[in-house]
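Student: Numbering (numbering that gives the first Met the number 0), first residue to last: 0 to 189.
Hint data in this document are derived by calculation from the structure and do not stem from the laboratory. Model, not experiment: these values are computed from the prediction. Certain hints may be false.
Unchecked claim - Cβ pair distances, simulated, as ranges: (1) Ile147 with Pro42: 10 to 20 Å; (2) Val152 with Pro42: 44 to 54 Å; (3) Lys64 with Pro163: 14 to 24 Å; (4) His130 with Ala54: 32 to 42 Å; (5) Tyr99 with Val166: 43 to 53 Å.
What the hints assert, rightly or not - Below are the SDA-like pairs computed for lysine to any residue, each with C-alpha atoms no more than 25 Å apart in a straight line: (6) Lys153 with Pro163; (7) Lys126 with Ala169; (8) Lys93 with Val143; (9) Lys93 with Lys153; (10) Lys41 with Val76; (11) Lys185 with His125; (12) Lys126 with Lys185; (13) Lys150 with Ser129; (14) Lys41 with Ser67; (15) Lys153 with Val134; (16) Lys160 with Val134; (17) Lys150 with Val134; (18) Lys93 with Lys126; (19) Lys41 with Pro163; (20) Lys126 with Ile147.
Ideal Cβ placement from N, Cα and C applies to all residues, glycine included.
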Amino acid sequence: MTTNDFNHQSSRRHILSTLATAVLLTLGATGAALAQADYPNKPVRLVVPYAPGGATDVIGRVLAKQLSDALGQQFVVDNRAGAGGSLGAGQVAKSPADGYTLLMGAFTSHTINAALTPAVTPFDIHKSFSHISVVGTVPLVFVVNPNIQAKSVKELVSLAKASPGSVTLASAGNGSPQHLAIEMFKRQAQ
């Protein structure tokens, strides 16, 4: 095991422990939770508003396992993908506020969609949720096909400027963090 692997595992354990504590403290601070000292006394649904296999899903599954082990009750991941995360988030917003339906929210499902498509976003970003904790971050990185004659960002920008329209990109879709990051990059790189 490398030092980097050890630091990553230690950091992940710290984040999960912090989240579990935050969940317990948050629920313990409400009147309903105080009246229900045995929380959770039934399975808890953790809605991941994306398809299985992505970063939010992986983080959600690790979190669900840790919370299940720590609290002695199942935290069940329920993937509800669609509309850039808004479908799952909307389902959680309509659920009873009893602590048995939680959202593994992400940047897109809460901020981007609410700003870009407020008329069709099925929740109010300011009123529908109570924040518990940040549980992870996912970096955005540039990668290119090895056949591309660019070995640095500077070389990629030069290539794109020398041959307009020759460089294509992929993202998770319109309004996604990847899409917005590339648009910001295009502006900065001119």
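Student: State for each hint whether it applies.
Tutor: Results for each hint:
1. Ile147 with Pro42: 10 to 20 Å: violated (48 Å)
2. Val152 with Pro42: 44 to 54 Å: 46 Å Cβ-Cβ, so the 44 to 54 Å window holds.
3. Lys64 with Pro163: 14 to 24 Å: violated (48 Å)
4. His130 with Ala54: 32 to 42 Å: violated (19 Å)
5. Tyr99 with Val166: 43 to 53 Å: holds (48 Å)
6. Lys153 with Pro163: holds (15 Å)
7. Lys126 with Ala169: With Cα atoms ~34 Å apart, Lys126 and Ala169 exceed 25 Å; violated.
8. Lys93 with Val143: violated (42 Å)
9. Lys93 with Lys153: Since the Cα atoms of Lys93 and Lys153 sit roughly 47 Å apart, the hinted pair is violated (cutoff 25 Å).
10. Lys41 with Val76: Holds: Lys41 and Val76 sit about 14 Å apart, inside 25 Å.
11. Lys185 with His125: Measuring from Cα to Cα gives roughly 31 Å; hence the hint is violated.
12. Lys126 with Lys185: Distance ~34 Å between Lys126 and Lys185 Cα, so the pair is violated.
13. Lys150 with Ser129: violated (44 Å)
14. Lys41 with Ser67: holds (11 Å)
15. Lys153 with Val134: violated (33 Å)
16. Lys160 with Val134: Violated. Lys160 to Val134 sits at ~39 Å, over the 25 Å cutoff.
17. Lys150 with Val134: Violated, at about 33 Å.
18. Lys93 with Lys126: holds (12 Å)
19. Lys41 with Pro163: Between Lys41 and Pro163 the Cα gap is close to 58 Å, so the pair fails against 25 Å, i.e. violated.
20. Lys126 with Ile147: violated (47 Å)
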